[in-house]
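Based on the sequences and whatever the hints tell you, model everything.
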Amino acid sequence: MTSTLRIAVSQEQGNTPVTVFRLTGDIDANTQSDLESKAEEVIGAGTQNLLLDLSEVTYMGSAGFRAMHAIAGKLGDEQSATAIKSSHLKLLNPSAEVSKVIKTLGFDSYLDIYDDINKAVNSF
Amino acid sequence: MPGKQRLDIEAQLDNLSTVRRFIEESCREFGARDGVISDLRLAVDEAVTNIIIHGYQKQGGNIHIEIERDEKALIVRLRDDAVVFDPASRFTAGPPTAQAFESPGKLGIPLIQRTVDHIDHRVTESGGNELTLKKRNGDIFRS
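Chains as they are written, first to last, in the numbering used here: chain A, 26 to 149; chain B, 120 to 262.
Warning: the hint list may mix true and false statements.
[What the hints assert, rightly or not] Think about it this way: if two alpha-carbon atoms lie no more than 30 Å apart in a straight line, the pair counts; the simulated DSS-like pairs of lysine-lysine are: (1) A:LYS63 - A:LYS128; (2) A:LYS63 - B:LYS225; (3) A:LYS125 - A:LYS99; (4) B:LYS225 - A:LYS99; (5) B:LYS177 - A:LYS63; (6) A:LYS125 - B:LYS123; (7) B:LYS191 - A:LYS128; (8) A:LYS99 - B:LYS177.
[As the list claims (entries may be wrong)] Calculated from the model, a selection of chain A residues having no Cβ within reach of chain B, i.e. all distances over 10 Å: (9) PRO42; (10) SER62; (11) ARG91.
Calculated from the structure, these hints are not laboratory results. Virtual Cβ for every residue (Gly too), placed ideally from N, Cα, C.
Structure, rendered in structure tokens:
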């Protein structure tokens with residue numbers, strides 16, 4: 026059995042255009058590159074703000090954070106030696122399990138996390 | 120209900136979901152609580168990922184996984200024949216920095232460290248690695 030990650034892409038309009046990735050499946054070292062590749066594709070096509078809907082993500086390990094770090098860099102977010110701060114990449118509706126991992130790594134201080142898509146979209 | 124389960128896999132990233140399912144199903148059979156299952160599944164996934172990427176340099180190899188329940192703990196032993204690596208050399212005290220995101224092991228090991236109660240490494244007789252991960256603190260079993 027191989028892990029899979031499906032990525033459905035949609036566009037939302039708030040204060041500024043926002044691309045939404047609705048992710049379904051597992052984000053592990055086997056699927057990390059799928060997420061990065063899709064992000065690179067939409068950023069290349071002009072996306073400046075990306076919201077990752079994690080509500081259907083059943084598993085996420087450190088590979089997910091590495092992917093997000095890479096994506097934040099491509100979106101032009103600040104990455105110093107001691108901190109990552111993202112105003113162009115935000116998260117929506119992580120499960121309790123994924124939230125626990127995010128907090129365990131202290132990643133909640135790097136990325137804004139929302140439980141309402143309208144608030145998330147309008148925050149960009 | 121003491122018991123033991125084993126899984127042997129080829130060191131390939133597309134086997135990670137098989138490893139996670141094995142840990143989850145074994146833990147359920149052993150009566151572990153949900154939070155314990157997710158912690159152990161995460162820790163083992165990170166450890167196996169490190170073996171595949173860093174230990175075997177994505178060139179393949181064997182990984183032997185054993186999970187055991189005794190009276191008070193869940194114990195996972197991972198054995199491989201990759202280059203010797205003791206994760207204790209990468210333990211961190213605080214949250215990971217941005218630099219940690221550039222290397223898989225620099226994030227994975229802090230996650231392992233924060234999700235299990237005991238980590239032990241030894242070099243095997245054949246010169247490989249045996250990594251032992253334990254969940255033993257608190258109320259880890261349903262009954």
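Hints versus structure:
With a C-alpha separation of about 25 Å, the suggested pair LYS63 of chain A and LYS128 of chain A falls inside the 30 Å cut-off, and the hint holds. This hinted pair checks out: LYS63 of chain A and LYS225 of chain B have alpha carbons roughly 25 Å apart, not beyond 30 Å. About 26 Å separates the Cα atoms of LYS125 of chain A and LYS99 of chain A, which keeps this hinted pair within 30 Å; it holds. Between the alpha carbons of LYS225 of chain B and LYS99 of chain A the distance comes to roughly 21 Å, so the proposed pair stays at or under 30 Å and holds.
For the hint linking LYS177 of chain B to LYS63 of chain A, the alpha-carbon distance of about 23 Å falls within 30 Å, and the restraint holds. The hinted pair formed by LYS125 of chain A and LYS123 of chain B meets the criterion: a straight-line CA distance of about 28 Å does not exceed 30 Å. As the CA atoms of LYS191 of chain B and LYS128 of chain A are separated by approximately 27 Å, the hinted pair is consistent with the 30 Å bound. Pair hint LYS99 of chain A plus LYS177 of chain B holds up; C-alpha atoms about 26 Å apart against a cutoff of 30 Å.
Non-interface call for PRO42 of chain A relative to chain B: holds, since the shortest CB-CB distance, roughly 27 Å, exceeds 10 Å. Listed as outside the interface, SER62 of chain A is consistent with that label: its C-beta sits roughly 15 Å from the nearest C-beta of chain B, beyond the 10 Å cut-off. Listed as a non-interface residue, ARG91 of chain A fails to keep its Cβ farther than 10 Å from every Cβ of chain B; the least gap is roughly 5 Å.
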